[in-house]
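Protein chains in written order, with the working numbering: chain A, 3 to 123; chain F, 114 to 296.
Everything labelled a hint here was simulated from the structure, so no lab data went into it.
Glycine included, every Cβ here is placed at the ideal spot set by N, Cα and C.
Accuracy of the hints is not assured; some may be wrong.
Examples of chain A residues lying across from chain F (beta carbon under 10 Å, computed) [as the list claims (entries may be wrong)]: (1) 5; (2) 13; (3) 73; (4) 88; (5) 91; (6) 101; (7) 113; (8) 121; (9) 123.
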Amino acid sequence: MSRRILTVDDSPSMRMLLRAALTEQGFTVFEAEDGVDALEKLETATPDLVITDINMPRMDGFELIEALRTGDVQAGLPILVLTTEASDEKKARARSAGATGWIVKPFDREKLGAAIRRVLH
Amino acid sequence: MSMMSPIAPPLMRRLTVAQGDSIVSGDPDVEFTTVLGSCVAVCLHDGRAGVGGMNHFLLAEPAPIANEDARLLNRYGVHSMELLINAMLKQGAIRQNLKARIYGGATMRQGLGEIGNSNIQFARRFLTNENIAILGENVGGVSARRVEFRPAAGLSRCKTVSTQPVEQIIIKSPPVSGDVELF
């Protein structure tokens, strides 16, 4: 059974690009457009991994990670941040909030797939 | 009769937007400029925030099987557009207020026609997907263009500069991209 990935990004184009890259590598993808939408989807859906952007309206990636780590949604769910941000300060904030990893856009399909497989195994 | 000299227009600080670049500013004394062949530049503006930005991308989207150095992906429109939009939001723009103009996408040489056209189609599709209104465009044809854009005011102008190729395809590598760090 293919592993399920929730992608969270406010850009439809980026979600489309991610979906193409991940389905091509055998993953099943479903999507949310920001943190609030992700939390709603996670009330019923059970992904194996979440990939989230940082800069999003309503609820950003940091707030989403904090909500996932302090809430009762699937303890231990891996969360990869995929962002244009590259600052050490923001990376440290994501790490302390409970992110599993940090990937800088623009992403390389194979590196992204390799990182996901490493986290999931 | 007064012999006073007419007041000279204020000097603008001109910044060149090179291939792969995305630049944003709210400074009223700044003007962005770029020269386009088959590349496309998108100018974004938020009139309420007084912030504008311009990018310049070489190719619309990665090939279906992208097995190349991620550092090169910045030339692709989808990444360039995201960098531009994020930079706009950081400077106070609001996504719903963004308005766009599209420039470039000329056919500069025989055989390169699809690149320019693909860039134009990509820009239109991307902006439509993102619900960003397209106020205007000056695209296609066979001539290079010089685009000037005042980001704070959102004023742009586009001139045909030549029918000769002006654009060398040079891939610039951004400093960081595609890096993976697992905690």
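Hints, one by one, checked against the model:
1. Taking 10 Å as the C-beta cut-off, the interface hint given for residue 5(A) is violated, the closest approach to chain F being about 17 Å.
2. The beta carbon of residue 13(A) comes within 6 Å of a beta carbon in chain F, closer than 10 Å, and the hint placing it at the interface holds.
3. Because the beta carbon of residue 73(A) sits about 20 Å from the nearest beta carbon in chain F, more than 10 Å, this interface hint is broken.
4. Because the smallest distance between the Cβ of residue 88(A) and any Cβ of chain F comes to about 5 Å, under 10 Å, the interface hint for this residue holds.
5. Taking 10 Å as the C-beta cut-off, the interface hint given for residue 91(A) is violated, the closest approach to chain F being about 14 Å.
6. The beta carbon of residue 101(A) comes within 6 Å of a beta carbon in chain F, closer than 10 Å, and the hint placing it at the interface holds.
7. Residue-level restraint check for residue 113(A) holds (minimum Cβ-Cβ distance to chain F is 5 Å; threshold 10 Å).
8. Using the Cβ-Cβ criterion of 10 Å, the hint placing residue 121(A) at the interface with chain F is satisfied: the shortest such distance is roughly 7 Å.
9. With 10 Å as the threshold, the beta carbon of residue 123(A) stays out of range of chain F, its nearest partner Cβ sitting at about 12 Å, so the hint is violated.
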